[in-house]
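Protein chains in written order, with this note's numbering: chain Y, 1 to 133; chain L, 1 to 97; chain W, 1 to 734; chain C, 1 to 533.
Among these hints, one or two may not hold up.
A few chain W positions that, by computed beta-carbon distances, are all more than 10 angstroms from chain C [what the hints assert, rightly or not]:
id, residue
1, P17
2, E212
3, R447
4, W497
5, Y507
6, G511
7, H533
8, P550
9, A696
10, V700
11, G704
12, Q710
13, L721
Label pairs and their computed distance ranges (CB to CB) [to be verified]:
id, chain 1, residue 1, chain 2, residue 2, range
14, W, W701, L, D88, 24 to 34 angstroms
15, C, L491, W, V46, 15 to 25 angstroms
16, C, L491, W, W719, 34 to 44 angstroms
Selected chain W positions facing chain C (Cβ under 7 angstroms, derived; list incomplete) [unchecked claim]:
id, residue
17, T125
18, R243
19, V714
20, T732
Just so you know, the hints here were simulated from the structure itself, not pulled from any lab data. For clarity, every value in this text was computed on a predicted model and none was experimentally measured. Yeah, the Cβ is synthetic: ideal placement off N, Cα and C, and Gly gets one too.
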Amino acid sequence: MKAYVPVLLLIVFVIANAVMIIGLSHLLTRRRPTPEKQTPYESGVPPLGDARERFSIKFSMVAMLFIIFDIETVFMIPWGVAYRELSCGVPLVHGGCPTGQLSFFGLSEMLVFIGILFAGYVYVWKKGALQWD
Amino acid sequence: MLAESIALSALLFVIGVVGVLTRRNAIIVFMCVELMLNAVNLTFIAFGRVYGYGAQAIVIFVMTVAAAEAAVGLAIVIAIFRHRQTVDLDSINLLKG
Amino acid sequence: MIAPALQAAALAAAPHPLSGTAADWVWALPLFPLAGFLVNAALAVVAVARPGPADPSADRHSAPDATAAGEDVAGHGPGAGDADAPPPARHRFASVVSLVGPLAVGLAFALACAIFAAMARVHPTTPFVQTYFHWIPAGDLQVNAAFQLDQLSLTLVLVITGVGALIHLFSVAYMGDDPGYARYFAYLNLFVFFMLVLVLGASYPVMFVGWEGVGLCSYLLIGFWYADRANADAGKKAFIVNRIGDFGFLIAMFLLFVQLGTLDYTGVLAAAPGGLEAGGPVVTVICLFLLLGCAGKSAQIPLYVWLPDAMAGPTPVSALIHAATMVTAGVYLVVRSGLLFAMAPAASLTVAVMGAVTALFAATIGLKQWDIKKVLAYSTISQLGFMFMAVGAGAYVAGIFHLVTHAFFKALLFLGAGSVIHAMHAAYHATHSHEDAQDMRNMGGLRARMPVTWILMWIATLAIAGVPLFAGFFSKDEILGTIFDRAGGSILRDAHWLGIPGGVVLYAIYGMGLVAAFLTAVYMTRLMLYTFHGQNRTGEAARPHLHEAPWLMTGPLLVLGALSAVGGFLNTPAFLPIGPAETLARWLDPVVGPATALIAAGAPGDADPRRGLLLSLIAAAVAATGIVVAVVRLGRSAPVRAGAAPETGIESVLAHRYYVDEAYDRGIVRPLLAFSNRVLWQGVDGLIDGLVTLGARVWVWFGGIGSALQTGRVGTYAWALVVGALVVLAITIR
Amino acid sequence: MLLLQSALVQSALVQAALGALPAARPTWNLALPGQLLGALGPDLLLAGGAVLLLLVAVARPESDRHQRAVGWASLGLVGLTIVAVVAYASRGALATEGPIAVDTFRWAVDIVVLIGTGCTIALSMESNPLDGILTAESHVLVLFSAAGMLLLAAARDLILVFLGIELMSVAVYILSGLDRRSERSAEAALKYFLLGAFSTGFLLYGIALVYGATGSTNLATIGEHVARYSLMYNPMLVAGVALLLIGFSFKVAAVPFHMWAPDVYEGAPTPITAFMAAAVKVAAFAAFLRIWLDAFPTVAYQWHNAIWLLAVLTMLVGNVVALRQRNLKRMLAYSSIAHAGYLLVTVVVANSLGASAFLFYLVAYTLATMGAFAVVIALGEPGERNQEIADYAGLWTVEPWLAAAMAVFMMALLGFPIAGGMGFFAKWYVIDAAIHAPHPQTVLAVILVLASVISCGYYLGVVLTMFMKPRPANAPAVRPVPTGTFLVIYLSAFTLLLFGVLPNGFVQLAHDSVPISMVGAPARAPVASAASR
């Protein structure tokens, strides 16, 4: 538990800091609201319509596709960790593979995995999900 | 430490369940389900500290499955929205009895 | 009683004395009707699937029982049967069907006779079991598909195929004009097949197959004219009530298996004395569950309600299934399990009491019926009650004896009634009348028009009433006599039934039997008087159209008439100096002997022959009194005033019926009748019927609750899921 | 004949034991990734083939012709997989302890699932176009789902169980919303998806807790650890078991976790409903049973009452509510709930007798359910119409064979002897298993019989309607039954009847096909223990 004390301190400090800045500005400034000042800040550009505007389904489609393909790459991490064991035809000896027992199993497995992902990609493409118009 | 983590994840799980029970918007209900899954992920991570890193591989599987579910779920919600112009679960009761 | 089983084991290696004789062909017995079924069913399907130009509507029925009401429901309206309507559509394959149907059963009968000849020569003391294949190998339970041939099953086979063949012949003429002709014979042949499986099966499961099969056929045949909603409902009722009975049978089988580890008859016979405590609760419970099955199949109180409704089916069906064969399966089951029942005196007494109450109760209801088939239906229930009285009192031979004679005379009565209905229907059909062809108030004076039917029906009536020398006299007399003997000394006398000493119960049963026999004579005489005697009430227009049935229908009647007249000589009592005594008893002894001996243990030596004679005289006197009372009270009156056309006004009919009924009531059994009418007929019958309906309603109502909970909302479902989850967690973690 | 067979088998066994026939009985070393893949052969064949077919499906624009082509290809793939399964099974392959099972139970379940899958594809190929569904991917989705089921049948690891369930379910979520023009189909998909995902949460939490309590997700290891460290009184393990039970109860639609089933079954396209009622339920039950047999036999005291209660509730509620239904699909949905109750009885028994009764029941149930839904499809009108029970009135007079087949299916589901074919024996064996369990479940058996009596009310109602009611004048003419549907209907009916008359061989098969843990697991290979460190 002790290891987390700095983290806890940091959290406390950040919250205190934020409360202090906002509180001070709230206390010290004068408020003269005008319509111009009340508009949302959009990087200096005049706001276009309502913020809750309905947007095209295409955005969410692309977002979903991104999530799917993005999350798949996460499998490469455990694969990388186990790569050495996967590339050996017999159990490892002292963390190393006996000579002559190297195999392409680990590599080919990832290739198959990527191949499946690619099949999905081809499907999505052919289906027209990536076309914006 | 383990007990706290598990208690926290149990709490998150219960919050997810309560959310599913009380919310009427399909999207929010689904978000609550995701919360439940992530609570379980937290449990796995916590146990992983005891039993080794195999638990983290499980978490990766769960995350992937959750993402696939999310994609399918959103598609289904969109399909129902196209028919009903609403995602309010109480008004979706054509099938009953 | 272990001796036969031990012998069977010893003889297992040596060939059975029956092997090498016609008995080797026992497997072919059910195959004949099965082949008939296959041919007829194929023809029926072909005819329905591709209706020929001759039958414009596959549903139209024009057989006699399809009364005016039925035709209206079928959608023909008031114009049904008009001259411009197409002539009755004969089935496209009628000639083939007419040949195949009866022939299938006839061949089986011929084979049964051959087997009988072989068996009579050898008279084996052990059953001849023929095993075909391992049927159900489930864990410890090994059931073989096997047939068992012994004196008991062969007797039943002879009745089924013999009477069955006659009824098939009768049907050729009776159903000839029905568009469902082939379907009818397919069902009928299938029924005979299952019935043979039932009696030939060498174990309870095989018997159950037949048991279910005959139920199915019965249900199909009751609802044969399915266009008529009432008929379909009757079929449904029969089916549901029978399921209750089957439930009992199944439970009994499970218990037997759990206790004895076998379900073969020979195995049970061998294991029961050692595996079950005589008089103990287990064997009693097994027997009571078996009894539940019997009550359903054989229409005994409380499960009798389906049989009167079953009269909706064609009349030959009523004769074959609902009088001669299927409904007696319960009696067969009790006799087959005789040893078990003998080991459970309380259960045996229950059987006897149930039979006696049913016999008396149904007989009183029979007094009041106007529908000729309903009278016979209640009569059948009553006679089945007699059989159960017999087998309950351990008079197994008497029970089977009555089963056989009853098959003769009741089949005759039903076919005779069918012949009458045939004539009535034809007459009303010719005159475009919509009167009820089965109502006795529309009959009367048919003696002159149908002399052959009249004489034969009288023979059957005398037989069922128990007039000496006719078939029913000997069998009924033997039942009552044996019950009296058992009351004098047997293990039943020493047992108790609901705290009442067995002897008292048996004497009471004897008394009830006498009353029921008296009522039998009354209601049957009443039926004959109203149908064949007095003035004719059919109506001026229809009267000339009344004719005797064709020879194809009277022929089988003649044979049955002969059997009803002399069938009693199968088993004459020892004290009567007529013919060879107790033939059937000696024939059946290898099968029922052990159980009879067990139950009769403690009887005081040889009974005084004079007592037997006295009992016979009492029974004869009761029958004669019944006939005389009925003739005296009803002979001169008529249910409807002569000459008044019954179709002119429903009011007058009701009024006259009322007068006659009152005279009738005052003269004979007014209090009894009132009781029967108000309490039993309307009360109990209605109550049981209502209970069945109520049971169904309650379940459907529960179903409604379930349906209402199914709101269609995801929220509700999620709540149910979580509540269920909490319950499961609570139960599991506890 | 049988004698000869058993003699052959015995001599083969003896020889294999002597090491004379190593090639005939391969033993997979599941610790080695390559051999693990080999042991998953049929599953990989199906999954890989499905990926390829997905590309084929998208290669051409939607059309009826293309849809049929992909359908036939899918059927071919299913057939090929069946051949592979039979080949694996007949060689009597064995394996070391590991994440998957190589046993006869798996092969038997595989066959049942694949038959259900084949029937589904055959049915949807012909019925989808009528509803305007021309997507060729629908067949591929069925294949993906089936791949998940095969994984479920094989899994001896909770994570594989989870993956199998999700692969199966996600595909079925989509399939139940296949009819994009139907509001009811979309609603069915939404309900199934939301509640399914919800229940997945419980299942997964259960896995997590069991993992937490035992330190493993491998079923055999869990079983060992529970027994060795007496974990059956560990609240975390027990809670995990309860949560797993909840998750599976949802998947097999046990009361009170059943409420999604009727709505989803009614709304989904009928072939998919058949798929859910038959294959999905079979696969979920197989995994359920295996987990309970392998991992939790020693926790029986804790779960017994819960499953007992679920079984009773499921049998009663399913049958009773079915009495009220007028829509045939909905009635069959409640009927399938009731059957889940009967199958739960075998889980309560949880021994080899229960497992073989379970397998026999699965076959009979799958055939009868598939057949009944096929009849519904054959008679259904586009737009999910003509599916009320009343619409079947007088069917006998116009389509006698169809009516007869439907009667067989109803009788089989009812458990009626002879006319119901295998259905009777299926129920008989379940009752037999219940009565002969180490702790006889007589009460359950009695309730099962009672529930069957109640079920007469609706099964026979259909039969009565078909045979005894007049055909309404305005009833639509029955379309000619297309080939695939025809085959599904009559082959199912024929098989049911045939093995109903001669159940002998089938019983033997079911008897031999019990999970590996029931027949004595092969010794753990030394390599495996070295690798698992």
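Against the structure, the hints come out as follows:
1. P17: holds, 30 angstroms
2. E212: It is violated; E212(W) is separated from chain C by about 5 angstroms at its closest Cβ, not greater than 10 angstroms.
3. R447: Holds, since 39 angstroms exceeds 10 angstroms.
4. W497: holds, 27 angstroms
5. Y507: At about 38 angstroms from chain C, Y507(W) clears the 10 angstroms cut-off, so the statement holds.
6. G511: Non-interface label stands for G511(W): nearest chain C Cβ at 38 angstroms, farther than 10 angstroms.
7. H533: holds, 39 angstroms
8. P550: Fine: 30 angstroms to the nearest Cβ keeps P550(W) off the interface.
9. A696: It is violated; A696(W) is separated from chain C by about 7 angstroms at its closest Cβ, not greater than 10 angstroms.
10. V700: Given a closest Cβ separation of 5 angstroms, the condition is violated.
11. G704: violated, 6 angstroms
12. Q710: Given that some Cβ of chain C is not farther than 10 angstroms from that of Q710(W), nearest at about 6 angstroms, it is violated.
13. L721: Non-interface label on L721(W) violated, nearest chain C Cβ at 6 angstroms vs cutoff 10 angstroms.
14. W701(W) <-> D88(L): 24 to 34 angstroms: This hint holds: roughly 33 angstroms between Cβ atoms.
15. L491(C) <-> V46(W): 15 to 25 angstroms: holds, 22 angstroms
16. L491(C) <-> W719(W): 34 to 44 angstroms: With Cβ atoms ~43 angstroms apart, the hint holds.
17. T125: Where the cut-off is 7 angstroms and the nearest Cβ of chain C is about 33 angstroms from T125(W), the hint is violated.
18. R243: holds, 6 angstroms
19. V714: Holds, because the Cβ-Cβ distance from V714(W) to chain C comes to roughly 6 angstroms (cut-off 7 angstroms).
20. T732: Constraint on T732(W) satisfied, holds at 4 angstroms.
In this structure, the hints that do not hold are numbers 2, 9, 10, 11, 12, 13 and 17, in rising order.
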